[in-house]
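Quick note, the sequences are listed as chains A, B, C and D, same order. Mapping of the first sequence onto the working numbering: residues 1 to 233, in sequence order. Mapping of the second sequence onto the working numbering: residues 1 to 233, in sequence order. Mapping of the third sequence onto the working numbering: residues 1 to 233, in sequence order. Mapping of the fourth sequence onto the working numbering: residues 1 to 233, in sequence order.
To be clear, the hints were calculated from the coordinates, so they are not data collected in a lab. Please note that a few of the clues may not be correct.
From the structure, some residues in chain D lie toward chain C, with a derived Cβ separation under 8 Å [to be verified]:
no., residue
1, V54
2, V55
3, I120
4, S122
5, G123
6, G124
Glycine included, C-beta positions come from ideal geometry on N, C-alpha and C.
Letter by letter, the chains look like this.
Protein chains: 4
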Amino acid sequence: MTSFPLSRRLVSEALGTGLLVTAVVGSGIMAHRLTTDIALALLANTLPTGAILVVLIIVLGPISGAHFNPVVSLVFTLRRELTAMSALGYIVAQTLGGIAGTLLAHAMFELPLLQASTTIRSGGAQWLAEVTATFGLVFAILAGLRFRADAVSWLVGLYITAAYWFTASTSFANPAVAIARSLTNTFAGIRPVDLPGFIVAEILGAVLALMLANWLLMEVRNPQTLSETEAIP
Amino acid sequence: MTSFPLSRRLVSEALGTGLLVTAVVGSGIMAHRLTTDIALALLANTLPTGAILVVLIIVLGPISGAHFNPVVSLVFTLRRELTAMSALGYIVAQTLGGIAGTLLAHAMFELPLLQASTTIRSGGAQWLAEVTATFGLVFAILAGLRFRADAVSWLVGLYITAAYWFTASTSFANPAVAIARSLTNTFAGIRPVDLPGFIVAEILGAVLALMLANWLLMEVRNPQTLSETEAIP
Amino acid sequence: MTSFPLSRRLVSEALGTGLLVTAVVGSGIMAHRLTTDIALALLANTLPTGAILVVLIIVLGPISGAHFNPVVSLVFTLRRELTAMSALGYIVAQTLGGIAGTLLAHAMFELPLLQASTTIRSGGAQWLAEVTATFGLVFAILAGLRFRADAVSWLVGLYITAAYWFTASTSFANPAVAIARSLTNTFAGIRPVDLPGFIVAEILGAVLALMLANWLLMEVRNPQTLSETEAIP
Amino acid sequence: MTSFPLSRRLVSEALGTGLLVTAVVGSGIMAHRLTTDIALALLANTLPTGAILVVLIIVLGPISGAHFNPVVSLVFTLRRELTAMSALGYIVAQTLGGIAGTLLAHAMFELPLLQASTTIRSGGAQWLAEVTATFGLVFAILAGLRFRADAVSWLVGLYITAAYWFTASTSFANPAVAIARSLTNTFAGIRPVDLPGFIVAEILGAVLALMLANWLLMEVRNPQTLSETEAIP
C-alpha cells in the first residue's frame, strides 16, 4: 500500500491501464497494416506490450501499486492489503482507463472511435489458456514481491512477452484490458460476447495462483534446522 | 544538474543526439535495403533505436543529463533545473548534432549527403500521435527521476521501443531528431514542411506531461495519516 | 542451498520446469501456425523461452535454486551442494513437471495430449552442438554464481536466447526438457529414439564446464602479489 | 586489472572471444538456412550476438576484464592499465580463440572446417562505418567504466545490437573477430583481403574514442563552483 491519496492512485491506475491498452491495440493496428505475416504482426504486438509494462510499472508502481488489472486488485484485496472500497475504485478506474486507451488508439490511427470486435475467442482451450496465463502472471507478481520487489516490473513485462506466445489466447490475463479490447475490431480484439468466459477464467487463474503462493511462499520457521538436514555429512 | 563544465555538456548533447539520429536513420536505411516487409523494417528500426538510447543515456547522462531532445531541455528549464542560457545552448547542440548524425548515416551508406525528405507525415491524427508520444516520454522521464533515477535509461529505451509501434507517427517525440530526419529521403524521413506541426505537437505533449507530473508526483505531506485511513480495520 | 522444506522445493522444480516446457512447446506451436518462415518461427520460439527463464529463475530460485534441469542438479551434487537423495527428487520432479508442461501446451492448442515426435535430431554434429550448448549454460551458471549471483536469471535467459541460434541443435541443453519435447510432434519436438544421444552429450558438456570452472574460477590466494607483478613500472 | 594469474586471464580471453565468434558465425549460418529474408537473417544474427556479449562480459569480466577485442586491449595498454606484454598475450589469445570459434561453428553445422570468405567488404564507406562502430564501442566502454562499471556488459551488448544495423558494415569493430570471420564463407564472412582496411579503421576509431574520452570524462576539479554558476538566481 502506498501513501499517495486515493484520488491520485485512481488516476495512476486509469492512466497506466489506458496507456497499456493503447500500446496493445495501437501496436496491433500498426503491425497488421505493415505486414501480411501474422507471426510478425504478433511479434510487433508482443514487444511493445512487454516494454510498456516495464515502464508503466516502474513509474506508476510507487503511486498506486501499478495493478492495471482487476484480478490483481482482487488478489491484493483477498490478501487484505487493499480495502474493498479502494479495490472497487481501482477496478472502475482500470476499466474506464482501458476504454479510453482503445479510443485513443483509434483516434491516432484514424479509425472509427466506437467499434465492436468480431474476433471469436471462446471455448475450453481458450479458457484453459486464460487460466494458465493469469495463474502465471499473478504467481510471478506474488513471488516477485516476496523475493525481489525491485524486479516486479521486469517480471511482468517478460512474463507477458512470453505468454503472448505460449498461451493459445495470446494471454489477455486482465478483465479490464479484455473489456477495452472488445471495443476494437482490429488485430487485438475480442468479441464482447466472449468476455464472460475470459473474465471467469482469469479470476480462476488468479485465485489458483494466490492459493499456491500462500503455501509455496509461506515463511520458513526454522530455516537453520532445515538447512542442516540437507548438509552433506 | 551536473558539475561538468558547459563546454563538455554541450559536446555531450551534440554527440548523443548525433549518434541517436545515426542509429535511427542508419538502421532505417539498412532495414529497408534488406527486406520488402515494412513491419520487419520497422522492427529493425525500433530495436537499435531503443538499444542505443539505453547506452547513450547511461554513458552521457552523468555529463549533460542526456536530454538529446529540445522539449526535455524545455521541461527542465520550466522546472528551473536548467538556466535559459544553458537550455538555448543545449538545443543548438542537439540540433547541430542531430544534423551531423544524418550526414554520417548518409556517408556510411553511400548516399547523397544532403537530401530533403518527401515522406508526408501530417494531419490531426499524426499530431495527436506526437502529443501522445511526447507526453508519455516526458512523463516517464519525470516519474523515473522521482522514483528510480538509476533506471531512466531503460525507461526511455523501452518507452521508445513501444511507442514506435503504438503511435501512428512512429513516435518522433523530439524536435531536434525531427529536424535531422527531415534531411534524409529514406525510411525514417519526414517532409521539412511537416516539421512545424510535429514540433508544436511535441511541445504540447511535453507541457501536458509536466503539468500532470507536477500534480501526480507531488510530495505527500502526511503519508502516515493517509496510509492509516487505508488500513483494514 | 535454500532453507525451504524439500516438499516445496520439489513443487518449485516441477512447476518451473513445467512452465518452461509449456513456453518452449506452446510458443513453437503458435509460431508455426502463424508463419511459413522458419527463421521467424524460431525467433518467436526463442524470445518467449528466454523471457520465461528470467522470470522463473527470479521467482522460484529462492525456493529451490531454480535448476529446472537434471544436469544442473547433477553439477550441484558433484559440488556437494545438494545431497544425492535431494538430487534424485529434483530430477524426478523436473521430468514429471516437464511432461505436464507438454500436456498443458497440447491442451491449450487443442492437440492430442499424447504424441511422439518424429523430428530427427541425431548425429555427431548435433551431439557436438548439445555438448557446446550445455557447456556454455553450466559455465555461465557457475561463473555467474561466483561473481554476480543476482544476475544468474538474466545470464541463463540471455544465454539460451543466443544458443537457440548458434548451436545447430537449437540448444536443448536439458535432459528433462528433452524428454518432455520428445512427447510433442510439433515445432519443438525430438524423436524419442534420439534422446539418449542428446542426454549423454548434455551430461558431457556439463561435466566439462564443471571441470573448467573448478580451475578457472578457483580463489586467488595472493591477489596483491599478483596484481603488483602486473603493475606498470 | 584483475588479480587472476595471467594463464587464466588468457584462457578467459580465448574462451570469451571463441564463444563470441561461435555465436556470430553460428547464428548467421542458422538464420541464413531458415529464411530468404536478409533483414530477418540479420536480426537473427544480431540478437544472439548482443545476448551472448552480456553473458560473456558478466561471467569472464572479473577474470580478464573481458576485452575479447585487440583494440580494447590496445586502449587499456595506452591507458597504462595493461602491460605491453600482457596485451600481446591477450591479443594472441583473442585471435586464436576467435579462430577456434569459427571452427566450432563449422563443425556444429557440418560445414568444411577450413574456408575463406568471398564476401566483399571494402571501400571508404565501409571503413567509415568501422571507424564509427569502433569509436562508439570504445567510448561506451570507457564512459561506462567511469560512471556505471556494473553496467558495462549491458552497454556493450546493447551497443552492438544497435550498431549491427546503423553502421553499413554491420559493425565488426574487432580485429580478432574480423580475422575469425574471414575464415568462414557464410553469412558473417569477410574476404581475407579486406581485413587490413577493417583493422586500420577499427584502430583509428578506438584511438579517437580514447582521445575524446580523455577530455570529455576528465575529472572535474571544483564541481561546487561550477554548479553554482549554473544555479538559477
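These are the hints, each one checked on the structure:
no.: 1; hint: V54; verdict: holds, 5 Å
no.: 2; hint: V55; verdict: holds, 5 Å
no.: 3; hint: I120; verdict: violated, 24 Å
no.: 4; hint: S122; verdict: violated, 27 Å
no.: 5; hint: G123; verdict: violated, 29 Å
no.: 6; hint: G124; verdict: violated, 32 Å
The structure is inconsistent with the numbered hints 3, 4, 5, 6, although it conforms to all the rest.
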